[in-house]
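A.B. asks: For reference, the chains in residue letters:
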Amino acid sequence: LAKTTQPISMDSYEGQEVNITCSHNNIATNDYITWYQQFPSQGPRFIIQGYKTKVTNEVASLFIPADRKSSTLSLPRVSLSDTAVYYCLVGRSGNTGKLIFGQGTTLQVKP
Amino acid sequence: NAGVTQTPKFQVLKTGQSMTLQCAQDMNHEYMSWYRQDPGMGLRLIHYSVGAGITDQGEVPNGYNVSRSTTEDFPLRLLSAAPSQTSVYFCASSFSTQDSGTAITEAFFGQGTRLTVV
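Those protein sequence lines, which keep their order, are chains P and L.
Heads up: the first sequence at position 77 corresponds to 376 in this note's numbering, and the numbers run straight through without jumps.
Heads up: the second sequence at position 19 corresponds to 229 in this note's numbering, and the numbers run straight through without jumps.
Pulled out of the complex, with its shape left as it was, chain P reads as follows (with noise of 0.2 Å):
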């Protein structure tokens, strides 16, 4: 499973966009990447997962370049309830029961 790279942490300001990159050299061509979110005492919530170029839901973008080497989390308008950690994860879509975690990045959202 390819390796993710993410910051240990950002900070940030409510109403502001957050953006947080993931780099991943080693993706397979089969590999989608999925972010998950974590708060304090919770088990990770699924945000948001692409393979190629666009995607956008009701909490989040996910951007990812052509050469797939990196991706970026876009959080539009932050509030001081985004404070968590969020996990970018790089792998194939059926291996499901086989989700490898990194550090994850520190997302602080000040008032």
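Since the hints were made in silico from the structure, they are not lab data.
Any given hint could turn out to be false.
Unchecked claim - Cross-link-like lysine-lysine pairs, in silico, DSBU-like; alpha carbons within 35 Å at most:
(1) K409(P) to K219(L)
(2) K302(P) to K353(P)
(3) K219(L) to K302(P)
(4) K302(P) to K351(P)
(5) K409(P) to K368(P)
(6) K351(P) to K409(P)
What the hints assert, rightly or not - Below, a sample of chain L positions facing chain P; criterion: calculated Cβ distance under 8 Å:
(7) G252
(8) Y258
(9) F300
Glycine included, C-beta positions come from ideal geometry on N, C-alpha and C.
Keeping the supplied structure of chain P fixed, place chain L upon it in accordance with the hints.
C.D. replies: Quick look at chain L alone, frame taken from chain P:
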């Protein structure tokens, strides 16, 4: 629809004791997995299962056993508890589906079991 249910929520064990962490899901998901999360760290995969009767090791399997006799249940057994196994344990179930021609895989996590070994 309860999702993924883990019991107990909290447990204190003495070194050398054994116990089983329970995990049940009611979403008929094929895939289930166990993770541990130490303070300030990401999740590490212990064991996973791709269906009833099929299990495999993850990143940190030593000291733990699993079995999957039904689709719904995936218990994690600590054979002889050690202080190094003090952690928060998460169980997850997952499925794949198609969305506009793209495969989407989503994992659902339980609320965790906080285990302390003294």
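A.B. asks: If you draw a straight line from the CA of K302(P) to the CA of K351(P), is it 35 Å or shorter?
C.D. replies: Answer holds: K302(P) to K351(P) is near 18 Å, not above 35 Å.
A.B. asks: If you take the shortest Cβ to Cβ gap from G252(L) to chain P, is it below 8 Å?
C.D. replies: With a minimum Cβ separation of about 4 Å from chain P (threshold 8 Å), the hint on G252(L) holds.
A.B. asks: Is it true that the CA of K219(L) sits at most 35 Å from the CA of K302(P)?
C.D. replies: holds, 31 Å
A.B. asks: Restraint: F300(L) near chain P, CB-CB cut 8 Å. Satisfied or not?
C.D. replies: Holds - the Cβ of F300(L) comes within 8 Å of chain P, reaching about 5 Å at its closest.
A.B. asks: Taking 35 Å as the top limit, are the C-alpha atoms of K351(P) and K409(P) close enough?
C.D. replies: The given pair, whose Cα atoms are some 32 Å apart, holds under the 35 Å limit.
A.B. asks: At a threshold of 8 Å, is the proposed contact between Y258(L) and chain P supported by beta-carbon distances?
C.D. replies: It holds, given that the least Cβ distance between Y258(L) and chain P is near 4 Å, below 8 Å.
A.B. asks: Are the Cα atoms of K409(P) and K219(L) separated by 35 Å or less?
C.D. replies: holds, 31 Å
A.B. asks: Hey, K302(P) versus K353(P), does the alpha-carbon distance stay inside 35 Å?
C.D. replies: Holds, at about 21 Å.
A.B. asks: Is the hinted pair K409(P) and K368(P) satisfied, with a Cα-Cα distance of at most 35 Å?
C.D. replies: Judged against 35 Å, a Cα distance of about 31 Å means the pair holds.
Comparing the model with each numbered hint stated earlier shows that all of them hold.
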